[in-house]
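The task is to assemble the complex, starting from two chains supplied on their own in separate frames and drawing on the hints.
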Amino acid sequence: MSAILPPAERLWYKHPIDRVEGTWLAIALTWCMILFFMMVGWHIWGKQNLSTETYRTTAEQYMAKAQAATEKYQVRTETDQEIPVVAPPPGADVYLVARMWSFWPIIELEKDKTYRLHLSSLDYNHGFSLQPANINIQLVPGFEHVVTVTPNQSGTYGLVCNEYCGLGHHMMVSRLYVK
Amino acid sequence: MATVATTYRTCPRSGLQFERQAEWLIKAHAFMGVVWLLIGGLLALGVVLTRWPAVRWLEAPTFYQVLTAHGLDMLIFWIIFFEIAVLHFCSSTLLRCRIATPKLAWLGFVLMVVGSIVNNVAVYQGGSSVMMTSYVPMMAAPSFYLGIILFAVGALIGCGVFFGTLVVARREKTYEGSIPLVTFGAMTAAIIAVFTLLSGALIIVPAWLMSMGLMNVDPLIYRTVWWALGHSSQQINVATHVSVWYLVAAVVLGAKPMSERVSRMAFLLYILFLQLASAHHLLADPGVSTAWKVVNTSYFMYLAVLASMLHGLTVPGAMEVAQRQKGYTKGLFEWLRKAPWGNPVFAGVFISIIGFGFLGGITGVMMGTEQLNLIIHNTIYVPGHFHATVVVGTTLTFMALTFYLIPVLFKREMIAPKLAQWQPYLFGLSMYFFCLVMMGAGTLGVSRRHWDMAFQGAALAYEWPGAAYLMMGLVGIGGVAAIVGGAAFIYITVGSLLWGKKLDGGATSAQFTPVKRAAPAVVAEGYGSSGFAAPGTFVLAMVFLVSFVLYYFINWKYLSTLWGLS
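Protein sequences appear in the order of chains A and B.
Numbering-wise, the first sequence is residues 1 to 179 according to our numbering.
Numbering-wise, the second sequence is residues 1001 to 1566 according to our numbering.
Don't take each hint at face value.
Simulated pairs of lysine-lysine, DSSO-like, Cα-Cα distance not exceeding 30 Å [stated by the list, open to error]:
1. B:Lys1173 x A:Lys14
2. B:Lys1418 x B:Lys1502
3. B:Lys1557 x A:Lys14
4. A:Lys113 x A:Lys179
5. A:Lys111 x B:Lys1557
6. B:Lys1326 x B:Lys1516
7. B:Lys1502 x B:Lys1557
8. B:Lys1557 x A:Lys179
9. A:Lys179 x A:Lys47
10. A:Lys65 x A:Lys179
11. B:Lys1557 x A:Lys113
12. A:Lys65 x A:Lys14
13. B:Lys1557 x A:Lys47
14. B:Lys1326 x B:Lys1418
15. B:Lys1326 x B:Lys1338
16. B:Lys1103 x B:Lys1502
17. A:Lys14 x B:Lys1516
Residues from chain A shown here face chain B by an in silico Cβ test under 8 Å; the list is partial [unchecked claim]:
18. Pro7
19. Lys72
20. Val160
Simulated coverage check for chain B against chain A, where a stretch passes if three residues somewhere in it have a Cβ under 8 Å from a Cβ of chain A [as the list claims (entries may be wrong)]:
21. 1255-1262
22. 1461-1471
To be clear, the hints were calculated from the coordinates, so they are not data collected in a lab.
Just so you know, these numbers come straight off a predicted model, no measurement behind them.
Cβ atoms here follow ideal geometry from the backbone N, Cα and C, with glycine treated the same way.
Isolated chain B (complex conformation) (with noise of 0.2 Å):
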């Protein structure tokens, strides 16, 4: 066996052991991700500050320009830097192993950093006001693409260098028996990406040639392959943040899943049904059969619905037993109220689950709902649900996981500890009032991507109501307020890198430390309540159900009064 050059470093204050290039490339990843968050965040504010019909900040054409920027800073750059790094971190730390073709990694990193800044100035260059979706024939500047594709190869890379760490792993019996949840969790993104991003290039390559002129895309088919780029992309996220709520709830409160197998089966539902949902964006498209609508918007039965159901129960269901086993068993919920909410890592993941289930969840499946679609297509309702699933969920979840990596990954104590503790608060629920307001607006017909509600000097201009107004303000608020919750988490990140003590590295050594197997699970029967090991997640779970019917018949009983469209 080939021995590679390199150094392990066991953090004394996890217990993770960090191989060297492997630590410096998590580093580097966060750290882009970081910038472009900050730069999606200055763009944010512009975005809010003119949808807020009293303030309507910026020109249209310069609205238009920030509102693309906006979307690709930070649902694709500030994603994809971030999940690269978590990927990283869940094969070389998580298995004491190290990374697979580290040049080769390094190589992916400056692609994905020169097409993100390639993308980047093309929008800033103007005339590449597209939006994220860059529906043809609308075009942007061929470099515009370009950036995309770069990015896109660039994070390609960094998956393969991942199933290669795993590879490598395996090979060199770094760890014993199966992979751990977390890893499995980041494999099922990792594979995700893969598809994902195949689309990508099948169809983003088409365009930017279609940009120089050189072929022609049919705009119906570029919208659905784009999809498949569009939102598989955020099953990314999905499955990427899932695995990320199972490792701070091992690592703060040391749970551990109720069962493998249903996390794991879980994880796989995703992989194989996850990708079905560019038909979510094709509802109220013309050419598309109904059959072919009904079978892919439900994931072929919701069963990718039904992963995320189990994971909502398991993972507060995890922790809720780890609870119960320090003690906290008095009644339904003594566990939750004792848990450290004091801790951002903790609070911001648990604020993250509930906002990403009840806004996020329950409103996807009512969107994604084929007739229902008709009532929500590219409203504002279409940005409320997204952000509660991207921002509350994944941004959230990865903010949280920042606190957590300050100390551990980038050896500095945290400034400002208190505003940390209150970050995840101000951020998650300022989000929560924002999506909960944009749904409100979109619900009364408000436009998503548009720059005036008012139709200032449009002869057949329409009044909305005075509510969608108030919404819209009420969207400015919020908007103003999490940004500002934004705006804390980079002070405080950046601000311990630079400004926090150093702490100590703890020891190296020229070789890892093999992973053992958990102990045996102790059995579980002993606590909660009537064979029940989580009986207080079972209440939640069901409280979650039940809005969830409500809100989905609500949708019905209204869509039932409309029009007669056959």
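If we strip away everything but chain A, and leave its shape as in the complex, we get (with noise of 0.2 Å):
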């Protein structure tokens, strides 16, 4: 029962390592550093590395923004609450605005080109939930994400809320097409 007593060597650093646990210890270290290296080689190798572009921003900035780009780019409206749709050229900035408990506006891309999505929330934090591809990125207030997006396949998408942000938190999905 020597773990639940003091050792019978007082100083347990030089006690002996058994193989077993020396052949593990070599093996999961090497492990470790493959798991590390993974990362770190994904950014130099891999194609989905989140950005970490981001700006400080107030509700009233960032809406100004969206406000704008909306504006711009916008070409039809859906359901009764008329939700603009908004269809930017390749390359363009692209706004969306979380809030509760809806985004805005939709997003339609095209396949296999480039946008820069602007993300942020005008209250609480909310999540951007790409469905199914199944893309989760966290919006906090405050805080202008820019996101470089290369859509690779088209079809209409599910943007889900998931952080919770309040009573209304599952009425908060939305749309985005990709032609």
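Here's what the structure looks like:
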């Protein structure tokens, strides 16, 4: 029962290492290094790395920019609430506003084209959960996050808020089109 | 040397010596822990029966309220109450030492009780359904934060008493040489707890002031510092339940650590690196640099993961060596087949080790990988993962320890021993299932903390695939089964305390008996095969590694098919 008794020799760091443990230590350490360098390596060779381009903003500032961009690229409206649908040209800056409990506007992108997608929240934390691709990004109020996206599949995507944002959280869902 | 008026009871069943003050403190903390487990378990019923799409029992506001309370009661109140009990046990009982400043220890206990009640009342009054994380600027009632602050101060006092007791034991020479491994592990937990609770104070106090309109807290700073509380507190659990694994291996099988050096170094790695895990929750956030994410999320090159992988080998390895010394040497796995599977203390711990490693560990590393986090962030995969670590890992281990403590500490014969035999299997395995299907649903994108996956009434509702609905239905079934297992635990524990046959407490004396060192280790080389003292465990470890590698790269493969993001 020595795990609950003081060790036989006082200097525990001089105890011998068993062969099983030594071998496993070497294997585990190697694996840990692979885990670490995969993350670094993906920044060099991988194509899915979340941008860290961020600006401090306020609800008013961000909404003003989003409104200007939306007016510029609006092509139609959808639903009874007449939510604008924007179809920006490739390479353009696209703004998505998250607030209790909706996303605004609806975005329409082209496949294999690259866009600068601006994300922010006007009130609480919200979530950007693009389905069924399952790409999930946190939306934090006061921060404008610019993510460069290149959609590689066309279709109608669901855009779900997956950060709890109050009692209407489960009503917060929108769409994103890729042509 | 000042003598303190106290007595020591030597338990005739275990040989453990309990100091009177410490004994009552351990009982009180463990009991309050179980009370919160009961409340949290009832709330869990509300959560799973609402997330089960075919049932959807509670209304949305009630659901969010119940979910908030479930998180707090389980993750914070149940576990930390029980952890303080474990700390007092590992210091006072294992070192046969009087407890330092017992009055202060009781003050800490009272603060924890008051704090947890104040916080829960705030949640049930409504207006504080902010989830456990209470991200600003969403605000709860001031008493919500005040309750957490009081509780944290109480827990901090508990840690202080633990350190004080270690000092007293050393000064009064209640043991020879170094402290035992289990106490060493508990000390790791207490050190991490101090860091955690101070981080908590650093952010919950400002949030409390904000809730009264006295200051403003930046949402991103809140998230960063809050997770130094939120994630590190889970690391207290890891350090504590790993210590309990060593404890149970020792008391049930007579196992001794394979090498003190490896096990203790692994605990030290926890102290050095575990706190970095705040980053795990910020990988999909704006405003945090890539280098910061990579270094922190990996606990600086995964050295804390290394520590867990070591414990994952050394605990079963020590069990194997002990079993082989008893003569169970046939083949690779006779030691495991002939293990005391009918003893819930052993069964609970073994199910916990396997589940924690395979379900909790592997998924934890996957989620904590900077880029892979994109495909699980805030999906129900996340609770799937942490139910594997916190419920299968910590709660199941604590349940097993409680079964051990009923006769030893509470001096009662366990009622319903047959039910107790089954309890770890029912609870542990249904929890395995529950975690797996939650992760399955999360892989399909289903959100966590969400009342209605059908988005009824929303104009632009998204239609989840049928498999997602199936998974969430299975989450409901697995969850209910686990709650039944939990109820069996509560029934056995509380029932034994109320109606169990009283057992002889053993002789008391005014003096402690100093703890002798362990006998010098017998050379283990004579057992096992090809120079491996624990070949069976090594094979299990390799199975673990292969599963880990496969699962890890499958996720990279999926990530590589997604939209380009830069």
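Hints, one by one, checked against the model:
no., hint, in the structure
1, B:Lys1173 x A:Lys14, "23 Å, holds"
2, B:Lys1418 x B:Lys1502, "19 Å, holds"
3, B:Lys1557 x A:Lys14, "44 Å, violated"
4, A:Lys113 x A:Lys179, "10 Å, holds"
5, A:Lys111 x B:Lys1557, "21 Å, holds"
6, B:Lys1326 x B:Lys1516, "24 Å, holds"
7, B:Lys1502 x B:Lys1557, "59 Å, violated"
8, B:Lys1557 x A:Lys179, "25 Å, holds"
9, A:Lys179 x A:Lys47, "21 Å, holds"
10, A:Lys65 x A:Lys179, "25 Å, holds"
11, B:Lys1557 x A:Lys113, "22 Å, holds"
12, A:Lys65 x A:Lys14, "64 Å, violated"
13, B:Lys1557 x A:Lys47, "12 Å, holds"
14, B:Lys1326 x B:Lys1418, "26 Å, holds"
15, B:Lys1326 x B:Lys1338, "10 Å, holds"
16, B:Lys1103 x B:Lys1502, "28 Å, holds"
17, A:Lys14 x B:Lys1516, "20 Å, holds"
18, Pro7, "5 Å, holds"
19, Lys72, "23 Å, violated"
20, Val160, "6 Å, holds"
21, 1255-1262, "holds (count 8)"
22, 1461-1471, "holds (count 5)"
The structure shown violates the earlier hints numbered 3, 7, 12, 19.
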